[in-house]
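Those protein sequence lines, which keep their order, are chains A and B.
Numbered continuously in my numbering, the first sequence closes out at residue 313.
Numbered continuously in my numbering, the second sequence closes out at residue 312.
Looking from chain B toward chain A, a few residues come up when the C-beta cut is under 7 Å (computed):
id, residue
1, Ala46
2, Ile104
3, Trp113
By construction, these hints were calculated from the structure, which means they are not laboratory data.
Built from N, CA and C at the ideal position, the CB exists for glycine as well.
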Amino acid sequence: MAGRLQSVSLASVALAIVIVTACGGDDEPSVTSTPTPTATRTASTTNTPAVTPTLSIEEEVGTAYLAYWDAYAQAVLNLDTGLVEGSAAGEELASIRAEIETLQADGVALRVVVAHDFLVVPTSETAATVVDEVTNNSFYVNPVTKDPPEAEGSGELTRYTFFLERAGERWVVTRGLREEVD
Amino acid sequence: MSRMRSAIAGLLVALVVGSLASAQTPPQPGETASPRPNLPGGSVGIDVVSGPDGVTIYIGLIELAPGTESSPGGDDTISTTDGPNCAASPINIGNASVGWVREGLAAHPDTVPWAVNCDSGYFGIAWVPTDAPAAPDVVVGEPPIPAVDPVAVQASVLGIVPLPPMKIGANPDVGLVAMPAWFWVDGYDGSTLRGSRTLGRITIEVEITPAGYHWTFGDGDVLDTFSLGRPYPIESDLRHTYEQSSLMAGGTFGVRLDITFNARYRVNGGAWLPLAPVVQTYTREYPVQQLQSVLTSSR
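Can you build the whole structure from these sequences, using the hints too?
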């Protein structure tokens, strides 16, 4: 997670909370992927049932989308496509694989430093689109030493459109578009 | 000689290797980089057009089959035989604080964002007026070109086509009674003139061609010709002989040239359409003097 900078503006307060969780640590965010509420008994002494909050599609997709970026950042830093296989599939996974092969051929790795500004647009129960204006300050690093740890980025603004599909219990990015923003 | 050849060959190899190296220099650690560089571009055109019948979203994708229109109502979907299926639906932005949404709303006041999805993989945002009477139609293709009013084009022909700085040429500068004066059109070779004006998605081209030259010499004589005349010192075929001085006409004769141009126009490279001829007028004050014979003594 080193070098990652993500500032997120989201469509709802609830989603913002989820994303803050996602950005707050190195672990995967704790997100219940099923949309139905589940009440569970806990070991609480008060014996009060704890309700797992139901996440909307927007919240699920937003969390999965940021997890995808985390995984992608690790994959291009470590030049290991396997690190993103749980978050990307199909055309997108093939594209990342090609990107990593190019980095390997060039003898560099990529440290991803981005700030997100995205909106989730569900298109069905199993498909969603994320429109994200990304401020990019990423830079190349040595693939072995990962140096330099910091560098001045370009600050360029790029609009990404990513298409996500529900694959079983999780959302994966299947395709993307990019467009430079003036 | 062979040393020179090998030196030249070495230089060429160095140049080629050098150029290849400069063209394919690998990135270095610390250089700026862009994530997901090999994603395809997603920039396409969306036009939202409000008309008397409602709002239409036009999706300007080249690879899409053009011109199929959907029926209004609800989430709007179109199907084409050869092209993709596209749908538009309002985006629930809630109380979103997403920066580009705020900027989009500021740039498109009184609108709401609609998501346009096509099964060809296209996605875009359309800013639809909040007061749209119904769900917008979705049309794959360019919006129709508004009709061009020929009357408006006619009125601005000479504003669209730049005319060269023409004037009436004459020799001599001061005419003489009973001596032919030569006239010509100065500053113009008689060629067809063209101009264009673009406003939004409309480009109007106008073309004018000289159809005739009508001369009025100020003493009551006129001449209609297709000739431009010829500039001095070449002898012009446009001549006029004044029979009296311009003294009685206020000091000069008002020479006037009316050039009639046939005109036509076309819109966005389409077929040429006729316009009424246009007339451009030039004038020149031309003094004509009377030569007086003077008797002198002779020996």
